[in-house]
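Enquirer: Heads up, the sequence shown is in my numbering, so the first residue is 1 and it goes up one at a time.
It should be emphasised that the hints constitute simulated quantities derived from the structure, not laboratory data.
Here the structure is a predicted model, which means the values were calculated and not measured.
Be aware that a few hints might be false.
With a cut-off of at most 25 Å between alpha-carbon atoms, the simulated DSS-like pairs for lysine-lysine come out as follows [to be verified]:
| hint | residue 1 | residue 2 |
| --- | --- | --- |
| 1 | K5 | K30 |
| 2 | K30 | K46 |
| 3 | K46 | K5 |
Across the chosen pairs, the derived CB separations fall in these ranges [as the list claims (entries may be wrong)]:
| hint | residue 1 | residue 2 | range |
| --- | --- | --- | --- |
| 4 | G32 | P62 | 18 to 26 Å |
| 5 | G32 | T57 | 15 to 23 Å |
| 6 | S13 | T76 | 27 to 35 Å |
| 7 | Q75 | S13 | 29 to 37 Å |
| 8 | S12 | G74 | 15 to 23 Å |
| 9 | G74 | S13 | 15 to 23 Å |
| 10 | G53 | S13 | 29 to 37 Å |
Even glycine gets a Cβ: it sits at the ideal position worked out from N, Cα and C.
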Amino acid sequence: MYEGKLAVLTVSSGGQVTVSYAWGDVADNKPGIADGAGRIVGNTLKLGRLPNGADITFAMLPDGTLAATYALAGQTYRGQFARQ
1 MYEGKLAVLT
11 VSSGGQVTVS
21 YAWGDVADNK
31 PGIADGAGRI
41 VGNTLKLGRL
51 PNGADITFAM
61 LPDGTLAATY
71 ALAGQTYRGQ
81 FARQ
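Kindly generate the complete structure, drawing on both the sequences and the hints.
Expert: Dropping the structure here:
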């Protein structure tokens, strides 16, 4: 199981966002936190590459959860985030 937390800090009228993302152990990557920016298009939030090299995309599902895709070092991880 992989743990992560996403906090959306700002959203502009053009869909630009700023976020804070925290992650747990995944592959050789140690837990950490990074601030970043991204863009919302439709129901998808695509973050710019994080300092650890990860590319992350979130899609809002009809039930209110986020389907996340986390790509790092040639590996792709998928899961769902629930609002807390």
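Enquirer: Now look at each hint and say whether the structure bears it out.
Expert: Results for each hint:
no.: 1; hint: K5 x K30; in the structure: holds, 15 Å
no.: 2; hint: K30 x K46; in the structure: holds, 22 Å
no.: 3; hint: K46 x K5; in the structure: holds, 15 Å
no.: 4; hint: G32 x P62: 18 to 26 Å; in the structure: violated, 31 Å
no.: 5; hint: G32 x T57: 15 to 23 Å; in the structure: holds, 19 Å
no.: 6; hint: S13 x T76: 27 to 35 Å; in the structure: holds, 32 Å
no.: 7; hint: Q75 x S13: 29 to 37 Å; in the structure: holds, 36 Å
no.: 8; hint: S12 x G74: 15 to 23 Å; in the structure: violated, 33 Å
no.: 9; hint: G74 x S13: 15 to 23 Å; in the structure: violated, 37 Å
no.: 10; hint: G53 x S13: 29 to 37 Å; in the structure: holds, 30 Å
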